[in-house]
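Visitor: With the sequences and hints as input, model every part of the structure.
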Amino acid sequence: MISGTDVRERWSTSVRSGCRALVGVIVIAALSSIWQLKSSAIAAEVDAADVVAPNGFAEIIERVRPAVVGVRVKIDERALSDDVQLGPPSSSGSPLDRFFRQFEISPPDDAPSQPGLTLGSGFFVSGDGYIVTNYHVVANGKSFEVTSDDGKVYQAEIVGTDPQTDLALIKIAAQTDLPYVRLAKTEPRIGDWVLPIGNPFGLGGTVTAGIVSARGRDIGEGAYNDFIQIDAPVNKGNSGGPTFNVKGEVIGVNTAIFSPSGGSIGVAFDIPAETVRLVVDQLKTKGHVTRSWIGVRVQTITPALAEALEWKKAVGALVAQLEPDGPAAKQGIEVGDIITSVNDRGVKDPRDLARTVGSMVPGSSIKLGVFRNGQERSLTVKLAELPRSTQAKAEKPADPSERSALGLTLMPSRYVAGAGENGVVIADIDPEGVAADSGLQVGDIILGVSGRPVNMPGELNKIVSEAVAHSKRAVLVQIKRGDATSFVAISLG
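Those letters in the sequence shown? Residues 556 to 1048, by our numbering.
Wrong hints could be hidden among the right ones.
[Unchecked claim] Heads up, simulated DSS-like pairs for lysine-lysine below, C-alpha to C-alpha not over 30 Å straight-line:
no.: 1; residue 1: K867; residue 2: K841
no.: 2; residue 1: K903; residue 2: K697
no.: 3; residue 1: K867; residue 2: K937
no.: 4; residue 1: K885; residue 2: K868
no.: 5; residue 1: K868; residue 2: K903
no.: 6; residue 1: K629; residue 2: K726
no.: 7; residue 1: K841; residue 2: K922
no.: 8; residue 1: K903; residue 2: K1017
no.: 9; residue 1: K1027; residue 2: K868
no.: 10; residue 1: K697; residue 2: K867
no.: 11; residue 1: K697; residue 2: K740
no.: 12; residue 1: K629; residue 2: K740
no.: 13; residue 1: K802; residue 2: K885
no.: 14; residue 1: K707; residue 2: K867
[What the hints assert, rightly or not] Distance windows between CB atoms, simulated:
no.: 15; residue 1: E614; residue 2: P858; range: 46 to 52 Å
no.: 16; residue 1: E865; residue 2: V916; range: 22 to 28 Å
no.: 17; residue 1: A613; residue 2: Q886; range: 54 to 60 Å
no.: 18; residue 1: V916; residue 2: G975; range: 17 to 23 Å
no.: 19; residue 1: S914; residue 2: G887; range: 21 to 27 Å
no.: 20; residue 1: G994; residue 2: H1025; range: 32 to 38 Å
no.: 21; residue 1: E865; residue 2: K839; range: 27 to 33 Å
no.: 22; residue 1: G757; residue 2: S914; range: 34 to 40 Å
no.: 23; residue 1: P858; residue 2: A729; range: 53 to 59 Å
no.: 24; residue 1: R737; residue 2: T935; range: 34 to 40 Å
no.: 25; residue 1: E940; residue 2: G1006; range: 28 to 34 Å
no.: 26; residue 1: G975; residue 2: E742; range: 43 to 49 Å
no.: 27; residue 1: E931; residue 2: D704; range: 20 to 26 Å
Because the hints were derived from the structure by calculation, they are not lab data.
Beta carbons are placed, not taken as given, at the ideal position from N, Cα and C, and that holds for glycine.
Guide: Below, the structure is given as structure tokens:
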């Protein structure tokens, strides 16, 4: 017979045993969880290391560095104008030159070590001696010397140049087994590793490393470039040198740096490989670049312009002027049209339009999407070959005549020598007026407002008064500056 004491003791023993077993299970489960978490963390660390921690670039550099060369150019000083210094990034007064001066952008080519000499970089794109470099490295050169990575020196000749993209193709006479590199077929991503190689300060093949900082940069070098920004050190003498990805492919050509001091501060600009490929192919076969053209001068659509035009968003290219004998003028395009697409591909801005059209074959027909007078329509335009452009000269302002409702002092163009018969000339701008911050300048000729021609100050005032009466928030003003016309949106407050 079991007594109550025995029952209590057995029950206590059973409870203690059960508790010990339960605690053991919990401890084992906890240790298992901790180990799983630790294992997951270790796995995550390994995965992350595989992605972001390179083992070094030595193997890549060993493979591609022999294809990079130094370029030494003797300048024909007689070809330089009085206001151009030796070894400039571009001709004086060009868009790139003005950008350099305004934003302290410097070409990464070496200052001449002696009068009449410039230094730069380049790279072989074929085994038979074709070398890509910058146009501004070889511009005005009378002789060209190339030094390979192994120290051999060759004389080179210019095959062709393209100032629009600052690219040049030169060639040496040598055997057909020279080391060369390939242009990348895919665009780099922001954050990708990049490896510039060049001839900084004449030191010979020098390697630096960094990442892609941004794409699609506009540094004022015309309509056909869409620069890659990198943070790898690029210095004077790197002009024309390649920037590689970790596959050993050329993603761009070094052409400019941001440098208040003249040395690298980690902001450099590369011509993309796709642009290089298109240009080099034509230079190699024809010695020059042929681009298509539709004969329009276009401008960026700002939010204010979009509102004044009653366009849904600030994209597209606004036609500011038609070339009299251009394809667009002959085939239905009008001033004030917004070009919204090419062959059903959307147009972001004027540069996008220029690059798209410029890459097409002259003589082919394209379909343009156009927004006009509140309606979208489609027009077919046959492309022509781009002719040589001419520089325009600005006219001088006239004496003040009559104050307009926009805070502008205007005078009929026919009373101003050289201003023509149409429009009104801006003689003064009231700093407190509504047009003060619009971008208008003294000497501009106002041709029309809101699609209506203006030849007298009173006509402008009438159109503005009607716009105010109809609760318009802005008016669209067509202006002529020199030989170029454009549109400005002026808020009515």
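Visitor: Next, verify each hint and record whether it holds.
Guide: For each hint, the structure was consulted:
no.	hint	verdict
1	K867 x K841	violated (43 Å)
2	K903 x K697	violated (41 Å)
3	K867 x K937	holds (28 Å)
4	K885 x K868	holds (28 Å)
5	K868 x K903	holds (10 Å)
6	K629 x K726	holds (16 Å)
7	K841 x K922	holds (28 Å)
8	K903 x K1017	violated (35 Å)
9	K1027 x K868	holds (17 Å)
10	K697 x K867	violated (54 Å)
11	K697 x K740	violated (34 Å)
12	K629 x K740	violated (34 Å)
13	K802 x K885	violated (49 Å)
14	K707 x K867	violated (60 Å)
15	E614 x P858: 46 to 52 Å	holds (50 Å)
16	E865 x V916: 22 to 28 Å	violated (35 Å)
17	A613 x Q886: 54 to 60 Å	holds (57 Å)
18	V916 x G975: 17 to 23 Å	violated (37 Å)
19	S914 x G887: 21 to 27 Å	holds (23 Å)
20	G994 x H1025: 32 to 38 Å	violated (24 Å)
21	E865 x K839: 27 to 33 Å	violated (48 Å)
22	G757 x S914: 34 to 40 Å	holds (36 Å)
23	P858 x A729: 53 to 59 Å	holds (56 Å)
24	R737 x T935: 34 to 40 Å	holds (38 Å)
25	E940 x G1006: 28 to 34 Å	holds (32 Å)
26	G975 x E742: 43 to 49 Å	holds (46 Å)
27	E931 x D704: 20 to 26 Å	violated (56 Å)
Hint check: violations occur at hints 1, 2, 8, 10, 11, 12, 13, 14, 16, 18, 20, 21 and 27; the rest are consistent with the structure.
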